[in-house]
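Visitor: Chain residues, written in single-letter form:
2 protein chains.
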Amino acid sequence: MSKEITARSEDYSQWYNDLVIKGSLADYSAVRGCMVIKPYGFALWENMRDALDKMFKETGHQNAYFPLFVPKSLFEAEEKNAEGFAKECAVVTHYRLKADPDHKGKLLVDPESKLEEELVVRPTSEAIIWSTYKDWIQSYRDLPLLINQWANVVRWEMRTRLFLRTTEFLWQEGHTAHATEEEAIAETKKMLEVYATFAEEFMALPVIRGVKTESERFAGAVDTYCIEALMQDGKALQAGTSHFLGQNFAKAFDVKFLNKENKQEYVWATSWGVSTRLIGALVMAHGDDKGLVLPPRIAPFQVVIVPIYKGEESKAVIDAKAQEMMKELQAAGIRVKYDDNDNARPGWKFAEYEMKGIPLRLAMGLRDMENKVIELARRDTSEKQVLPMEGLTEKIKTLLEEIQASLYNKAAAYREEHITKADSWDEFIQLLDEKGGFVSAHWDGTADTEEVIKEKAKATIRCIPLHNEKEEGQCILTGKPSAQRVLFARAY
Amino acid sequence: MSKEITARSEDYSQWYNDLVIKGSLADYSAVRGCMVIKPYGFALWENMRDALDKMFKETGHQNAYFPLFVPKSLFEAEEKNAEGFAKECAVVTHYRLKADPDHKGKLLVDPESKLEEELVVRPTSEAIIWSTYKDWIQSYRDLPLLINQWANVVRWEMRTRLFLRTTEFLWQEGHTAHATEEEAIAETKKMLEVYATFAEEFMALPVIRGVKTESERFAGAVDTYCIEALMQDGKALQAGTSHFLGQNFAKAFDVKFLNKENKQEYVWATSWGVSTRLIGALVMAHGDDKGLVLPPRIAPFQVVIVPIYKGEESKAVIDAKAQEMMKELQAAGIRVKYDDNDNARPGWKFAEYEMKGIPLRLAMGLRDMENKVIELARRDTSEKQVLPMEGLTEKIKTLLEEIQASLYNKAAAYREEHITKADSWDEFIQLLDEKGGFVSAHWDGTADTEEVIKEKAKATIRCIPLHNEKEEGQCILTGKPSAQRVLFARAY
Chain C
1 MSKEITARSE DYSQWYNDLV IKGSLADYSA VRGCMVIKPY GFALWENMRD
51 ALDKMFKETG HQNAYFPLFV PKSLFEAEEK NAEGFAKECA VVTHYRLKAD
101 PDHKGKLLVD PESKLEEELV VRPTSEAIIW STYKDWIQSY RDLPLLINQW
151 ANVVRWEMRT RLFLRTTEFL WQEGHTAHAT EEEAIAETKK MLEVYATFAE
201 EFMALPVIRG VKTESERFAG AVDTYCIEAL MQDGKALQAG TSHFLGQNFA
251 KAFDVKFLNK ENKQEYVWAT SWGVSTRLIG ALVMAHGDDK GLVLPPRIAP
301 FQVVIVPIYK GEESKAVIDA KAQEMMKELQ AAGIRVKYDD NDNARPGWKF
351 AEYEMKGIPL RLAMGLRDME NKVIELARRD TSEKQVLPME GLTEKIKTLL
401 EEIQASLYNK AAAYREEHIT KADSWDEFIQ LLDEKGGFVS AHWDGTADTE
451 EVIKEKAKAT IRCIPLHNEK EEGQCILTGK PSAQRVLFAR AY
Chain V
1 MSKEITARSE DYSQWYNDLV IKGSLADYSA VRGCMVIKPY GFALWENMRD
51 ALDKMFKETG HQNAYFPLFV PKSLFEAEEK NAEGFAKECA VVTHYRLKAD
101 PDHKGKLLVD PESKLEEELV VRPTSEAIIW STYKDWIQSY RDLPLLINQW
151 ANVVRWEMRT RLFLRTTEFL WQEGHTAHAT EEEAIAETKK MLEVYATFAE
201 EFMALPVIRG VKTESERFAG AVDTYCIEAL MQDGKALQAG TSHFLGQNFA
251 KAFDVKFLNK ENKQEYVWAT SWGVSTRLIG ALVMAHGDDK GLVLPPRIAP
301 FQVVIVPIYK GEESKAVIDA KAQEMMKELQ AAGIRVKYDD NDNARPGWKF
351 AEYEMKGIPL RLAMGLRDME NKVIELARRD TSEKQVLPME GLTEKIKTLL
401 EEIQASLYNK AAAYREEHIT KADSWDEFIQ LLDEKGGFVS AHWDGTADTE
451 EVIKEKAKAT IRCIPLHNEK EEGQCILTGK PSAQRVLFAR AY
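Residue numbers (our numbering), protein chains in the order written: chain C, 1 to 492; chain V, 1 to 492.
Possibly wrong hints are sitting among the right ones.
Pairs involving identical chains hold if they fit within one copy or between any two copies, as the list cannot separate such chains.
Unchecked claim - Mimicking DSBU-like on lysine-lysine, the simulated pairs with C-alpha atoms at most 30 Å apart in a straight line are:
1. Lys-251 with Lys-98
2. Lys-104 with Lys-87
3. Lys-54 with Lys-397
4. Lys-22 with Lys-256
5. Lys-327 with Lys-397
6. Lys-57 with Lys-190
7. Lys-327 with Lys-349
8. Lys-263 with Lys-22
Just so you know, these hints were derived from the structure itself, not from any lab.
All chains should be built: construct the whole structure from the sequences, respecting the hints.
Guide: Right under this line is the structure:
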């Protein structure tokens with residue numbers, strides 16, 4: 001075995017990197033903090049993107065594309081947003097290189113190409129989009145405006161991790177404009193639910209729907225809704241956010257509309273996004289010590305067929321049968337790969353596809369073929385069974401659904417076991433240190449207390465769950481009165 | 001009519017801008033030289049992208065994603081490539097903004113965040129990709145490596161035009177690595193043929209397949225193959241290029257592989273790309289003085305249904321029937337829009353969908369419904385006909401195919417009429433000035449002559465057509481001997 005994986009119990013962080021790199025999802029690049037998404041990782045992203053894109057379109061959104069660059073003066077316009085992202089902006093200051101007179105073949109930034117106004121590489125696109133919406137929106141008839149963009153964004157990160165936190169990442173960002181506050185809030189919640197549905201049904205990732213505290217809000221938002229997932233090391237991961245932006249951007253960019261009563265009003269806004277970070281969540285939620293475990297609904301390949309043969313003759317027989325099976329499986333909408341590579345032995349291939357997390361593996365040997373059976377191995381449970389060839393396609397379809405459900409149930413059970421109430425500071429710290437997961441505790445509602453807890457416990461308020469039960473209590477830190485518990489966790 | 005279009009005969013350039021902007025494809029943005037691709041334009045791009053992506057995958061390519069930024073030292077590595085793009089590079093020099101102490105609410109580039117090494121925003125990705133391929137390729141078993149990327153790129157343009165030449169544009173770039181020269185050349189030609197097929201079958205755009213002269217080659221290429229299209233004003237437009245890169249990038253980035261004889265060899269490379277520029281070609285090839293004319297195979301909507309009613313009651317009856325028709329058309333795979341917007345009159349809608357180039361328009365009135373007929377208008381020919389409702393879906397399918405073929409044939413006939421031989425300088429200039437199109441003429445094969453012709457006639461050699469007929473002759477400028485004619489044109 002050339003590809004050894006570090007065990008989770010030994011070094012969780014190294015295990016994660018091993019899965020990403022050895023599972024061929026992504027790799028480091030020559031650019032600090034930026035990654036290369038490899039073909040296998042990108043195929044996974046395409047499946048996720050396509051499923052989300054379909055859900056966005058079914059909820060009435062259209063895609064568009066806005067510039068990569070934001071002139072500094074536009075970037076500044078919504079002050080809180082600008083302040084929130086200023087510290088992590090890549091800035092274009094020049095537009096030309098020239099030959100270095102002192103070093104043949106080398107280039108210098110041409111000082112004469114200095115821009116009058118610097119351009120920020122978008123860390124998020126509210127500014128550039130709302131400066132455009134000003135031209136697009138005049139009357140209530142132009143509303144709602146429901147637009148999504150698939151794009152790359154750049155946030156200069158000092159400490160990066162593949163998928164979870166990279167300087168450049170791929171994402172989608174929805175930006176909608178509405179005539180009323182109620183409608184914008186309804187949109188914010190609707191898109192949160194789209195994200196939650198996607199996470200649960202496609203990624204087999206149970207999530208908690210909630211709202212962020214003021215200090216954890218998106219810069220420029222009135223309210224930030226989020227979905228929070230739990231990883232196998234007991235740490236939480238924010239998997240998507242949906243922001244109600246009020247009239248903040250409309251005011252910053254002077255976007256008004258003529259309402260039905262013929263009066264000028266500022267427009268109400270939302271924005272919402274998920275990114276390639278979701279791939280990191282997927283790896284950590286389902287992977288095991290043999291490699292990735294991918295949910296069938298988004299796996300690039302759902303089934304891999306590995307031929308077991310000795311000599312060219314038996315290979316030809318198996319090849320023919322495999323091609324026939326491929327066709328049948330593909331006709332049933334199953335994504336299947338046949339690995340007839342001569343350069344690797346079956347054992348190596350088995351390990352390779354376990355590493356890559358392909359849900360089902362079929363091993364096809366001559367004797368089995370004669371007996372009209374085939375050996376099938378399930379990635380998530382490692383179970384093997386010998387099945388009749390007859391009716392195999394149907395059986396595989398059923399199994400893929402079973403695996404999808406089973407991954408979700410396993411993650412949900414783990415998550416349920418890891419939501420624990422704490423009623424004192426000591427209990428709170430002990431839970432975080434020893435058990436991990438979400439700790440449900442009372443908090444006095446102030447940003448100061450939140451900050452102190454963050455410093456002392458290295459845990460943040462992940463969210464106030466939607467439809468949270470009201471319960472009187474005392475803040476675990478200050479003992480002051482509290483009207484409800486909130487969910488704390490250490491987080492990615 | 002609020003949306004007037006300039007006639008082609010009056011001002012071709014303004015006509016083009018009118019179609020792009022009033023046809024809702026794109027708009028200028030707040031960023032110099034960058035455009036906003038509007039939802040309708042982006043839906044068109046999605047259809048083009050999806051068709052191309054399918055063709056790439058069918059020819060064995062996989063998608064991946066590489067960083068937006070190229071460190072200057074990597075960018076320099078292939079000297080010709082670097083030299084070719086140096087003058088149009090946006091450069092990131094800093095990674096942070098900070099509050100301006102003198103102007104509240106304003107930001108400054110933080111001088112302390114200056115990067116040790118500047119980052120070039122990719123104008124093309126050979127450098128970053130080949131620096132990665134060095135890690136991916138060790139043995140002949142790793143070849144061929146067939147990768148494509150859909151991405152945004154930035155080339156700082158001084159004079160920009162929507163879609164045709166913008167500072168940021170969207171494109172795909174294929175980057176492949178091969179064990180032999182023959183295989184790389186075959187790949188270069190194969191992808192040229194994929195582009196030509198796409199242009200002709202999806203865009204209804206006839207193209208000439210050819211090879212560029214040395215001075216028109218991609219910077220860093222050994223050979224640049226291209227497809228060239230002709231616009232209605234007689235100017236040529238390069239619609240796609242496929243480059244044989246030899247071992248230039250492999251040598252620049254030291255990418256070697258162990259061949260079957262166990263010897264180290266440099267890898268052979270290709271790259272190939274098409275961009276949102278194709279949308280500009282589409283607009284100019286088929287549009288008329290009423291607006292866009294979109295080929296059915298890539299049109300966002302192939303059919304629009306406009307209800308003609310007086311009062312709520314008749315509208316309800318028509319709505320019900322229209323919904324039924326929509327379902328039937330959609331079930332047949334036809335992209336259809338029903339415009340029941342109450343705020344606009346049918347005449348306005350007719351003009352709007354002519355502007356947007358929707359291939360077929362159905363007008364649905366109560367009397368027609370009673371008579372079980374419907375009025376259909378064809379965008380490309382403006383023909384109207386009254387058809388029985390019975391069998392309408394089949395009729396529409398046939399008509400869409402007819403329109404697709406007819407657009408191609410019309411463009412091909414125009415192109416054929418506009419390839420003219422010139423055997424003297426005067427004839428050459430007269431043809432360029434008065435008739436336009438491609439001028440087929442002898443050239444002595446030197447870059448110097450090519451340059452003089454370019455200066456004097458404002459025309460460039462578009463390509464040496466593939467399978468060009470050999471014919472002895474004399475250069476139209478120098479009278480020196482020539483072995484074949486080449487195609488000149490004024491171009492976008």
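Visitor: All hints, please: hold or fail.
Guide: Here's how the hints hold up against the structure:
no. : hint                 : verdict
1   : Lys-251 with Lys-98  : between (42 Å within a copy, 23 Å between copies)
2   : Lys-104 with Lys-87  : between (36 Å within a copy, 17 Å between copies)
3   : Lys-54 with Lys-397  : both (22 Å within a copy, 25 Å between copies)
4   : Lys-22 with Lys-256  : between (52 Å within a copy, 22 Å between copies)
5   : Lys-327 with Lys-397 : both (15 Å within a copy, 29 Å between copies)
6   : Lys-57 with Lys-190  : within (13 Å within a copy, 35 Å between copies)
7   : Lys-327 with Lys-349 : within (22 Å within a copy, 47 Å between copies)
8   : Lys-263 with Lys-22  : between (60 Å within a copy, 27 Å between copies)
Hint check: no violations occur; every hint is consistent with the structure.
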